[in-house]
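Asks: Take the given structure of chain H and dock chain X to it, following the hints.
From first to last, the protein sequence lines are chains H and X.
Numbering-wise (the working numbering), the first sequence opens with residue 874 and increments by one.
Numbering-wise (the working numbering), the second sequence opens with residue 874 and increments by one.
Worth flagging that the hints you see were computed from the coordinates, not collected in a lab.
One thing to keep in mind: the hints can contain errors.
[What the hints assert, rightly or not] In silico lysine-lysine, DSSO-like type, Cα no more than 27 Å apart, as pairs:
id: 1; chain 1: X; residue 1: K1260; chain 2: H; residue 2: K1166
id: 2; chain 1: H; residue 1: K1044; chain 2: H; residue 2: K963
id: 3; chain 1: X; residue 1: K938; chain 2: H; residue 2: K938
id: 4; chain 1: X; residue 1: K963; chain 2: X; residue 2: K1002
id: 5; chain 1: X; residue 1: K1044; chain 2: H; residue 2: K1078
id: 6; chain 1: X; residue 1: K894; chain 2: X; residue 2: K938
id: 7; chain 1: X; residue 1: K1002; chain 2: X; residue 2: K1027
id: 8; chain 1: H; residue 1: K1078; chain 2: H; residue 2: K1027
id: 9; chain 1: H; residue 1: K1027; chain 2: H; residue 2: K1055
id: 10; chain 1: H; residue 1: K1078; chain 2: X; residue 2: K938
id: 11; chain 1: X; residue 1: K1044; chain 2: H; residue 2: K1027
id: 12; chain 1: H; residue 1: K1028; chain 2: X; residue 2: K1002
id: 13; chain 1: X; residue 1: K1044; chain 2: X; residue 2: K998
id: 14; chain 1: H; residue 1: K1028; chain 2: H; residue 2: K1044
id: 15; chain 1: X; residue 1: K1002; chain 2: X; residue 2: K1044
id: 16; chain 1: X; residue 1: K938; chain 2: X; residue 2: K963
id: 17; chain 1: H; residue 1: K1027; chain 2: H; residue 2: K998
id: 18; chain 1: X; residue 1: K1055; chain 2: X; residue 2: K1118
id: 19; chain 1: X; residue 1: K1118; chain 2: X; residue 2: K1028
id: 20; chain 1: H; residue 1: K938; chain 2: H; residue 2: K894
id: 21; chain 1: H; residue 1: K1044; chain 2: X; residue 2: K1078
id: 22; chain 1: X; residue 1: K1002; chain 2: X; residue 2: K938
id: 23; chain 1: X; residue 1: K1028; chain 2: H; residue 2: K1044
id: 24; chain 1: X; residue 1: K1002; chain 2: X; residue 2: K1118
id: 25; chain 1: X; residue 1: K1027; chain 2: X; residue 2: K1044
id: 26; chain 1: H; residue 1: K1044; chain 2: X; residue 2: K1027
id: 27; chain 1: X; residue 1: K938; chain 2: X; residue 2: K1055
id: 28; chain 1: X; residue 1: K1027; chain 2: X; residue 2: K1118
id: 29; chain 1: H; residue 1: K1044; chain 2: H; residue 2: K1002
id: 30; chain 1: H; residue 1: K1260; chain 2: X; residue 2: K1166
Please read these numbers as outputs of a predicted model, since none were measured by experiment.
Protein chains: 2
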Amino acid sequence: MEMELERQREESLEIVLDLLKEKKYVPARQELLTNNSVDIAEMLEEIRDELGLDVAIIMLRSLPKDVVADVFAELSSDSQVEIIGGITDKEISYIIAEMDFDDMIDVLEELPANLVDKILDRAPKEERKLINTFLHYPENSAGSIMTPEYISLKKDMTVSEALARIRAHGKDSETIYTCYVKDESRRLIGLVSLRSMVVAESSTKIEDLMIPSDDLICVNVLDDQETVSSLFTRYGFLALPVVDKEERLVGIITVDDILDIIEEETTEDIQKMAGVAASTDEYLDTSVWQHMKNRLPWLIFLMISSMITGAIIVRFEGLLSQVISLVSYLPLLMGTGGNSGSQAATLVIRSLSIGELDLRDAGAVFWKEIRVGFCAGLILSILNCAKILLIDGEPLLVAITVCGSLLLVIMLAKSIGAMLPLLAKRLNVDPALMASPMIASLNDLITVVVYFLLATSILGL
Amino acid sequence: MEMELERQREESLEIVLDLLKEKKYVPARQELLTNNSVDIAEMLEEIRDELGLDVAIIMLRSLPKDVVADVFAELSSDSQVEIIGGITDKEISYIIAEMDFDDMIDVLEELPANLVDKILDRAPKEERKLINTFLHYPENSAGSIMTPEYISLKKDMTVSEALARIRAHGKDSETIYTCYVKDESRRLIGLVSLRSMVVAESSTKIEDLMIPSDDLICVNVLDDQETVSSLFTRYGFLALPVVDKEERLVGIITVDDILDIIEEETTEDIQKMAGVAASTDEYLDTSVWQHMKNRLPWLIFLMISSMITGAIIVRFEGLLSQVISLVSYLPLLMGTGGNSGSQAATLVIRSLSIGELDLRDAGAVFWKEIRVGFCAGLILSILNCAKILLIDGEPLLVAITVCGSLLLVIMLAKSIGAMLPLLAKRLNVDPALMASPMIASLNDLITVVVYFLLATSILGL
Chain H
874 MEMELERQRE ESLEIVLDLL KEKKYVPARQ ELLTNNSVDI AEMLEEIRDE LGLDVAIIML
934 RSLPKDVVAD VFAELSSDSQ VEIIGGITDK EISYIIAEMD FDDMIDVLEE LPANLVDKIL
994 DRAPKEERKL INTFLHYPEN SAGSIMTPEY ISLKKDMTVS EALARIRAHG KDSETIYTCY
1054 VKDESRRLIG LVSLRSMVVA ESSTKIEDLM IPSDDLICVN VLDDQETVSS LFTRYGFLAL
1114 PVVDKEERLV GIITVDDILD IIEEETTEDI QKMAGVAAST DEYLDTSVWQ HMKNRLPWLI
1174 FLMISSMITG AIIVRFEGLL SQVISLVSYL PLLMGTGGNS GSQAATLVIR SLSIGELDLR
1234 DAGAVFWKEI RVGFCAGLIL SILNCAKILL IDGEPLLVAI TVCGSLLLVI MLAKSIGAML
1294 PLLAKRLNVD PALMASPMIA SLNDLITVVV YFLLATSILG L
Chain X
874 MEMELERQRE ESLEIVLDLL KEKKYVPARQ ELLTNNSVDI AEMLEEIRDE LGLDVAIIML
934 RSLPKDVVAD VFAELSSDSQ VEIIGGITDK EISYIIAEMD FDDMIDVLEE LPANLVDKIL
994 DRAPKEERKL INTFLHYPEN SAGSIMTPEY ISLKKDMTVS EALARIRAHG KDSETIYTCY
1054 VKDESRRLIG LVSLRSMVVA ESSTKIEDLM IPSDDLICVN VLDDQETVSS LFTRYGFLAL
1114 PVVDKEERLV GIITVDDILD IIEEETTEDI QKMAGVAAST DEYLDTSVWQ HMKNRLPWLI
1174 FLMISSMITG AIIVRFEGLL SQVISLVSYL PLLMGTGGNS GSQAATLVIR SLSIGELDLR
1234 DAGAVFWKEI RVGFCAGLIL SILNCAKILL IDGEPLLVAI TVCGSLLLVI MLAKSIGAML
1294 PLLAKRLNVD PALMASPMIA SLNDLITVVV YFLLATSILG L
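Chain H extracted, bound-state conformation:
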C-alpha cells in the first residue's frame, strides 16, 4: 500500500516535471493540486532541485491562497529560508499571516533577525507581542512547540453556547476536539472534549462536563519536548495543555506535532548511540564538512583511547614476541567483548529512554548482566577452547589463557556496559552517549590488560 502511494507520488511528480519542462504551467499546477500539502511541499523541493528555485517559486505562487500557507509550512526550514529570499516582502507577510501560529513561529525562528523585524512590523500590535513571547521560549521546550490557538470556554457556559463559540472560532484553532476552561485570571480550571459536548444535552453546563484541572496532566512551558512526547506516548493524548509557573494556560500541544518530535528525538538518540553529533538535517542535505564535524569528535576520542590501549600493548612486547600467536586472538577478544558490552548498553539506554528502567533498578540490572555474561561467556569460551586446541593446535595453557580472558572480558563488558548508562543518568548526562563507541574503546583497554596479565601469570612469562 505504501509502495503504491509512493509510486503514485512519483508518477505525479514526473508528470509535473515534464509539463514544467515544456513551460505548461497551468496543467502542471492542476496536476500538483491533486496531491495533499505534505506531498506538494516535497514535490516543490524536487522541482527546485531539477529545474531551479525560480520555477519552484512560480509554482508556489500559483497555488490557491489557502493551500500556499499549508504547503509552505511543510517545507524543510532550509527550503523556507531559500524561498523567502526569492519572494517579495509582501508575499512573505501574506504567507506568514495565513500560517498556523506554531508553524509561523517555526519559520520565524529560522529567519535572519532583520527579516523577522520587518514581518513583525506589519503584524497587529497584540499579535506582535505574542509572537515575541513565543520566539523567546528556549529551543526544544514545550513553549517552543505549543500553539496559542485553542478554544477556551467559561465554566458557566451551556453546551449550546460553547458550540456556538466553537463555530465562531473553530477555523483558527489548532484543534476543537479538546476545549479548555479558564477562570478570570486565565488559570486553567479544566478541559472538556467535543465528544462529551456532542453527546450531552444542549442545556448542560460546561462545568458539569469538564474534567477539573486537579485530574489533568499538563506541562510547563519550560519542560523539555522529550518529556512532552513521553507523556503523549504514555497516556495516548490528542492534546496537552501548557501552563506557565502561575498555572495560567499559555498554549496547547497537539499529537500531530508530537509525531514529528518523536521521530526527531529518536533520530538524535540513535545518532548519539553511534557516536555522531545529533543533527536533524537530512543526510543528503548535510555538507561533507558538517558530516565530518559531526563525526570527528568521537573518532578523535576513540583514537586517543586506542593509543592508550596501544601503549599498554607496547609494555607487553616482550611477552608477545615470545608467544606471537597470542596476537591472533586479540580481534576475537576485542570484538566479542566490545559487542557484548554494547548489547547490554543499548538495551539499558533504550529501557531508560522509554521509562521501563530507572536508577533504582541498578542492582537488578547488574545482577542480570553478570549472569547473562557468565552464561554467554561460558558457551563462547568452550567453543573457542575446542577450536584453539583442535584446529589451531595451540598448547593447553594458551587455550586456557584465551578462554579465561574471554569469559572475564564478556562478563566485565556486559556489566560495565549496563552500568555506564545508569551512571550517566545519575550524573544528568545523556545515557545515549554511553553506547557502542564508548563501550568498545573502554572494552579494548580492559581486554588487553586482562589478557596480558592472565597470559603472563598462566604462561609464566
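Replies: Just chain X now, kept in the frame of chain H:
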C-alpha cells in the same frame, strides 16, 4: 514537570502499599482511584510484585465497573494472562465485554485457545464472527491493530441526522472526530470530520462536506504496522481507514495506538542495530536465559568472523615478529575503522527508516561518504603521524604504514558502512541488521589485510 508527575505517582503508590499492608482495602481503593487508568495499571503490577497476585486481584475487583476494563487494557500482556488465571470465567467475560474492541483482540491473542473458545461461546453470534475474523489477521498487520468501532454515515444524511447518529453510537466508538461514509456495498466513499460538521449548517448534506475517497489515504488490512505508523508521522493524521482488497471499510486505526507502535518499532530497530534479537518484553521481565538467547547469535557470528581475522594475523606472524610494534597500532586501526563504519551505517539506516533516503540515492551517498572518509581520515592520519614520529619515536616508514592504513581503512569503512544497509534494503533484508556489529567485524577483517599488505610492501619485509 515529568519528574513531579513521577514523584506524585510514587507517593500515591507508597500510600496504597502502606494501606494494603494494614489490610485497609477501602482507603487503598480510594487512593488508587485518584490516578488515571494507565497509572492504576502500573500500580497494580507493583502491588502484585510487592504483596502478591491475590492482593492485586482484590484491588482490581474493587474498582468501579467502567474503570476495570480500562485498567485491564493497560496491563502488560503477561500480567493480563496472570490475572485471568486468578479470576472467574464470569469475571473474565465481563471485563472482555467492557473493553474496547481493539484492546479485547490484543488480550484474546495472548490467551490459551481453550479460554478464548470459552469467551467466544458467551459472545453474541454476530460479535463472535467479527472477533474470529480479527483474530486471524497476521501479527503486526494493519488488521491486527485496527478497531471496527467507528462511526459510519451515509452520504445523503444531513449534518443534524449525522450528529444524532453520533450521539446514539458515539459511546462505543473509538473516535467520533472522524466519521466514515460508506455506500450500500460497504465500500468507503469518503470521510467527514466532526469539526466540519460542527462548523456547518445543520441542513448541509454529508456529501457536500465529505472528503471523497479519491483524495483519501487509506491502508490495506494486510499492510505492515510500520507502513501505517510512517503514514501517521508523514501526514499527521488522527485516524486512518483500513480497507480490504474489495475496498470495503473494515476498520480504523487511531493515533493513540500508533504512538505505542512507534515506540515498539523503534525499540526493535535499536535492538537489531546493536546485534540483539528484537523483543518487546521489558528488560527486567526478560529471563537471563532469554537475554542470552537474544544476544548469542550475533556474538557467535562475531566470534567466527574474528577467528578469520585471527587466521589472517597468523599468516603474517613472520612480519609481526620482525616489527612487533606494529601490533600496538592494531587497536587504533580496528577501533577507529569500526566506529567510522558504524557512524555511516547508522546514519544511512535511520535515514532509510524515516524515508529520507531510498535506493536511488545510493550513488550520492557513496560519493558523500568517500569524501567524508577522506577528510576525516586525513585529519586523523596527520595527528597520528605526528604522534608516532614524535612520541613513539618509531621510524618514518612505520608512521607511513600506520597512517596510510588508517586513511584507507576509514574511507573503506565509511563507504562499506553506508552501502551495506542500502544493499540490504535492495535484497529486502532489514537494513538495521547492517549496523555496528556487522560493520565492526567486517572492518576488522579489512583492517588486518590492508595493514599487513601495506606493511609488507612499505617496510619491504
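Asks: Hint by hint, say whether it matches the structure.
Replies: Hint-by-hint comparison with the structure:
1. Between X/K1260 and H/K1166 the CA atoms are separated by roughly 22 Å; this keeps the pair inside 27 Å, and the hint holds.
2. A distance of roughly 24 Å separates the Cα atoms of H/K1044 and H/K963; the hinted pair therefore holds under the 27 Å criterion.
3. Pair hint X/K938 plus H/K938 does not hold up; C-alpha atoms about 51 Å apart against a cutoff of 27 Å.
4. Restraint check for X/K963 and X/K1002: satisfied, since their Cα atoms lie roughly 21 Å apart, inside the 27 Å limit.
5. Between X/K1044 and H/K1078 the CA atoms are separated by roughly 20 Å; this keeps the pair inside 27 Å, and the hint holds.
6. Pair hint X/K894 plus X/K938 holds up; C-alpha atoms about 25 Å apart against a cutoff of 27 Å.
7. Between X/K1002 and X/K1027, the direct Cα distance comes to roughly 24 Å. Compliance with the 27 Å bound is thereby established for this hinted pair.
8. For a cut-off of 27 Å, the pair hint linking H/K1078 to H/K1027 stands: about 10 Å separates their Cα positions.
9. Of the supplied pair hints, the one linking H/K1027 and H/K1055 holds, its CA atoms being roughly 6 Å apart against a limit of 27 Å.
10. Note on H/K1078 and X/K938: the hinted pairing holds, with a Cα-Cα distance of about 26 Å set against a maximum of 27 Å.
11. The hinted pair formed by X/K1044 and H/K1027 meets the criterion: a straight-line CA distance of about 25 Å does not exceed 27 Å.
12. Distance check on the hinted pair: H/K1028 and X/K1002 sit about 45 Å apart at the alpha-carbon level, beyond 27 Å; violated.
13. Distance check on the hinted pair: X/K1044 and X/K998 sit about 22 Å apart at the alpha-carbon level, within 27 Å; holds.
14. Distance check on the hinted pair: H/K1028 and H/K1044 sit about 22 Å apart at the alpha-carbon level, within 27 Å; holds.
15. For a cut-off of 27 Å, the pair hint linking X/K1002 to X/K1044 stands: about 22 Å separates their Cα positions.
16. Among the hinted pairs, X/K938 with X/K963 is consistent with the structure: their alpha-carbon atoms are about 14 Å apart, no more than 27 Å.
17. Distance restraint check for H/K1027 and H/K998: the Cα-Cα separation of roughly 26 Å lies within the 27 Å cut-off, and the hinted pair is therefore satisfied.
18. Restraint check: the Cα-Cα separation between X/K1055 and X/K1118 comes to about 15 Å, which is no more than 27 Å; the hinted pair holds.
19. Under the criterion of a C-alpha separation no larger than 27 Å, the hint pairing X/K1118 with X/K1028 is consistent with the structure, at around 22 Å.
20. Distance check on the hinted pair: H/K938 and H/K894 sit about 25 Å apart at the alpha-carbon level, within 27 Å; holds.
21. Taking the CA atoms of H/K1044 and X/K1078, the gap is about 20 Å. The hint holds against a cut of 27 Å.
22. This hinted pair checks out: X/K1002 and X/K938 have alpha carbons roughly 26 Å apart, not beyond 27 Å.
23. Only pairs whose Cα atoms come within 27 Å are accepted, and X/K1028 paired with H/K1044 is accepted, the gap being roughly 24 Å.
24. For a cut-off of 27 Å, the pair hint linking X/K1002 to X/K1118 stands: about 19 Å separates their Cα positions.
25. Of the pairs offered as hints, the one joining X/K1027 and X/K1044 holds, with about 19 Å between alpha carbons and a cut-off of 27 Å not exceeded.
26. Annotation: proposed proximity of H/K1044 to X/K1027 holds, straight-line Cα distance about 25 Å (limit 27 Å).
27. For the hint linking X/K938 to X/K1055, the alpha-carbon distance of about 34 Å lies beyond 27 Å, and the restraint is violated.
28. The straight-line distance between the Cα atoms of X/K1027 and X/K1118 is roughly 21 Å, inside the 27 Å bound, and the hint therefore holds.
29. Of the supplied pair hints, the one linking H/K1044 and H/K1002 holds, its CA atoms being roughly 22 Å apart against a limit of 27 Å.
30. A distance of roughly 22 Å separates the Cα atoms of H/K1260 and X/K1166; the hinted pair therefore holds under the 27 Å criterion.
Checked against the numbered hints above, the structure breaks hints 3, 12, 27 and satisfies the rest.
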